[in-house]
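Keeping their order, the protein sequence lines are chains A and B. Residue numbers for the first sequence follow our numbering, beginning at 1 and rising by one. Residue numbers for the second sequence follow our numbering, beginning at 257 and rising by one.
Keep in mind that the hints were calculated from the coordinates and are not lab data. Treat the hints with care, as some may be off.
Restricting the straight-line Cα-Cα distance to at most 30 Å, the calculated cross-link-like pairs of lysine-lysine (DSSO-like) are [unchecked claim]:
id: 1; chain 1: B; residue 1: K542; chain 2: A; residue 2: K127
id: 2; chain 1: B; residue 1: K542; chain 2: A; residue 2: K109
id: 3; chain 1: A; residue 1: K55; chain 2: A; residue 2: K127
id: 4; chain 1: B; residue 1: K542; chain 2: A; residue 2: K55
id: 5; chain 1: A; residue 1: K109; chain 2: B; residue 2: K347
To give a feel for the contact side, a few chain A residues facing chain B, derived at Cβ under 7 Å [what the hints assert, rightly or not]:
id: 6; residue: F25
id: 7; residue: M106
id: 8; residue: L116
id: 9; residue: D147
We put the CB at the ideal spot given by N, CA and C, even for glycine.
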Amino acid sequence: MSGILEVKGLTKRFGGLAAVDNVSFSVREGGISGLIGPNGAGKTTIFNLITGVYKVTEGSVSFSGSEITNMEPFRIADRGITRTFQNIRLFKNLTVYENVLTACHMSAKYSIPEALLRLPRYLREEKALRAKAEDLLSIMGLTERRDVQANNLPYGLQRRLEIVRALALDPKLLLLDEPAAGMNPDETEQLMRLISEIRTRFKLTVLVIEHHMDLVMRLCESIVVLNFGQKLAEGTADEIRGDPRVVEAYLGSGGN
Amino acid sequence: MDSYILGILMLAGINLVAVLGLSLLTGFTGLFSFGHAGFMAIGAYVGAFLTVSPARDVPGLGLPLVVGILGGGAAAGIVSWLVGRITLNLKGDYFCIATLGFGEAIRLVFNNVQRFGGSRGWPLGATRNPQDIWVILLVDVVAILLVANLVRSRHGRNMIAIREEELAAQVTGINVFRYKMVSLVTSAVLAGVAGVLLGDYLTFINPKIFNLTKSTELIIIVIFGGLGSISGSVLGALLLTALPEVLRFFEIWRLVFYGAAVILIMISRPQGLLGGMELTPAGIRKILAERRARQALRAEAAREAEGGSR
Chain A
1 MSGILEVKGL TKRFGGLAAV DNVSFSVREG GISGLIGPNG AGKTTIFNLI
51 TGVYKVTEGS VSFSGSEITN MEPFRIADRG ITRTFQNIRL FKNLTVYENV
101 LTACHMSAKY SIPEALLRLP RYLREEKALR AKAEDLLSIM GLTERRDVQA
151 NNLPYGLQRR LEIVRALALD PKLLLLDEPA AGMNPDETEQ LMRLISEIRT
201 RFKLTVLVIE HHMDLVMRLC ESIVVLNFGQ KLAEGTADEI RGDPRVVEAY
251 LGSGGN
Chain B
257 MDSYILGILM LAGINLVAVL GLSLLTGFTG LFSFGHAGFM AIGAYVGAFL
307 TVSPARDVPG LGLPLVVGIL GGGAAAGIVS WLVGRITLNL KGDYFCIATL
357 GFGEAIRLVF NNVQRFGGSR GWPLGATRNP QDIWVILLVD VVAILLVANL
407 VRSRHGRNMI AIREEELAAQ VTGINVFRYK MVSLVTSAVL AGVAGVLLGD
457 YLTFINPKIF NLTKSTELII IVIFGGLGSI SGSVLGALLL TALPEVLRFF
507 EIWRLVFYGA AVILIMISRP QGLLGGMELT PAGIRKILAE RRARQALRAE
557 AAREAEGGSR
C-alpha cells in the first residue's frame, strides 16, 4: 500500500542524540492520521523534517510519488504540504484578514514590475486574492474578526486562524501540531468537528500530532506511536488502544 | 524662496530617498542595516565619476545628472546584491553587524583610492543649482510610489510576513532569501540614488560624509517615523532633517539637544510617530476598522465575563 506521504528510515541526529531514529510510516490519501507519543518522542522533529525546516540526516520523505527530502521549505509548501505550529506562529501585528491574504500569495503569479506599475494582471489577480481571502474567512467563521490584530484574538481563534492561513495555500496535506493544546473540552470538541469538516470540504489529507487521547482515538483512522525517536506501533485506534507497549510507554506500567 | 530654507528642503528630500529604502528593508522586511551610508557612498562616487566635467582637476565623464542618478543607483544595487549573497543567510543581529562592517569598509576604500581624491575629498563642480530641487522632488515621488506599490502587492506582503515570523513565512511557501534580497537591493538602489543627489547638492564629497553617523542617522529617522509606515518615513525625514537647523540656536549644544529630543519622543512613543499606520484614505479606514474590531472584542469579553459570574 502506498500513501500520499511516505516516510522511509527517517533519522535526525543532533550531535550524538538521535531525535528521530529510523522511522518509517505512510499516510493514506484523504485520511486523518495521528502521530502520538510522550514528550520528547520526536513528533515535532518529524514535522520539521517533512516540511524542510530541519535537514534530514538519513532516510527519505516522498510526497505524491516524488522525493522531497531536504528540499527548501518554500518548495515543499509549493508542492502542497503545509502546517501549523505547536506554539502558534501567526503574523502577530497583522489583522486576521491580512494573515490570510498574505498566505494566498501562491494563487497569484504577477511579477514585481507588474506590481510597481499596477498593470492589469496585478489588478485582476489582486482582486481575486482578496475575494479568496474573504471567502476563506467566511467559510471558517472569522469574517466578524476580519480587522482584529492576530495577537488580540482569543487563544482558540488564534489556533483556528493558523489553520485558515494554512488552508489559504490550497494544500493537499495539512500537518497539525497539537491543535488542541491549551483548549478546554468544549473548544476541543469544536476543533474536532472543524478538522473533519475541512478534510471533506478541501479534500485534504491530515496528519495530526496530539496529546488529547480522546481526540486522537475518535478522529484518526490510523495512528503512529513514537517513543524515544523510534516507532513503537502503527495501526487503527482500537489496535493502538489495546497494544500493551503503547499503554506502558504512554501511561506507565500500571495502566490508566 | 530663501536659499537657506530651500537648502534644508533639498537635504530633507535627499535624506527621504535613502530613508524610504531603509524603511522597506527595516520597517517592512525586519532587517536592520547600519551600513547604508556605504551604499550612499558608492552612489555618490559613481554618480560623481559619471557627471563631473572632464576639465576638472579630478576629472569625470561629464554626462548629465540623470545618467549619474541611474548609474549611481545601479552600482549600489549591484554591490548590495553581492553583499546580500554573503550575508543574508545570517540571522538577526549578525546581519546587522555584517552591514556595519561593510559600511565602514566602503568608507575606508574611498579614503584610500587617490584617483577620487582620497581622504582630501573630491570637489565636484560649480555652485549648487537651486533648480535641482525639482529633480529631488521627482525622485522622491517616484521612490514613494515605488515603495508604496511594492508594499501593497503580494511581494510586499511576503516581506512583511518575513518581518513578522520568518519560520511561518517559510512554510507558507515564501522564498525568504529571495524576498530579503529584493528588499536589500531595492533599498541599496535608493540609497545610491540619494548619494548621487547628495554629491550634486554639496558639490563636494569626501568619505567622512558617509561614516557610521550617517547610517545611524538614517536608521534613527526610520524608527522615529515608525517601522512599517511610508508616511512615517516621509514625516520623519522632514522633521529630523529640519530639527538640527531649528536647534542652531543652542550653538555647540545643538546635537546634545537633538539627541535628547529624539530620546524623549521615543520614550513617549516607542512605536515611532506612525508605526504600522499610513496617513492615506485607505490607511485611515484601516486604523478605524481595527479600532472598531478591538472594541467589539472587548465588549464581547465583558459580556462573557458578566454571563459567567451570574
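A quick look at each hint next to the structure:
At most 30 Å may separate the alpha-carbon atoms for a hinted pair to count; K542/B and K127/A meet this at roughly 18 Å. For the given pair, K542/B sits about 26 Å from K109/A by alpha-carbon distance, which is consistent with the 30 Å threshold. Distance hint between K55/A and K127/A is unfulfilled; the C-alpha atoms sit about 38 Å from each other, more than 30 Å. Taking the CA atoms of K542/B and K55/A, the gap is about 41 Å. The hint is violated against a cut of 30 Å.
Straight-line distance between C-alpha atoms of K109/A and K347/B comes to about 29 Å, which keeps the hinted pair within the 30 Å bound. Hint status for F25/A relative to chain B: violated, with the closest Cβ pair at about 21 Å, above 7 Å. Hint on M106/A holds. Least Cβ distance to chain B is approximately 5 Å, under the 7 Å limit. Proximity of L116/A to chain B holds as hinted, the smallest CB-CB distance being about 5 Å (cut-off 7 Å).
Given hint, D147/A at the interface with chain B, holds; its Cβ is 4 Å from that chain's nearest Cβ, closer than 7 Å.
Hints 3, 4, 6 from the list above are not met by this structure, while the remaining hints are.
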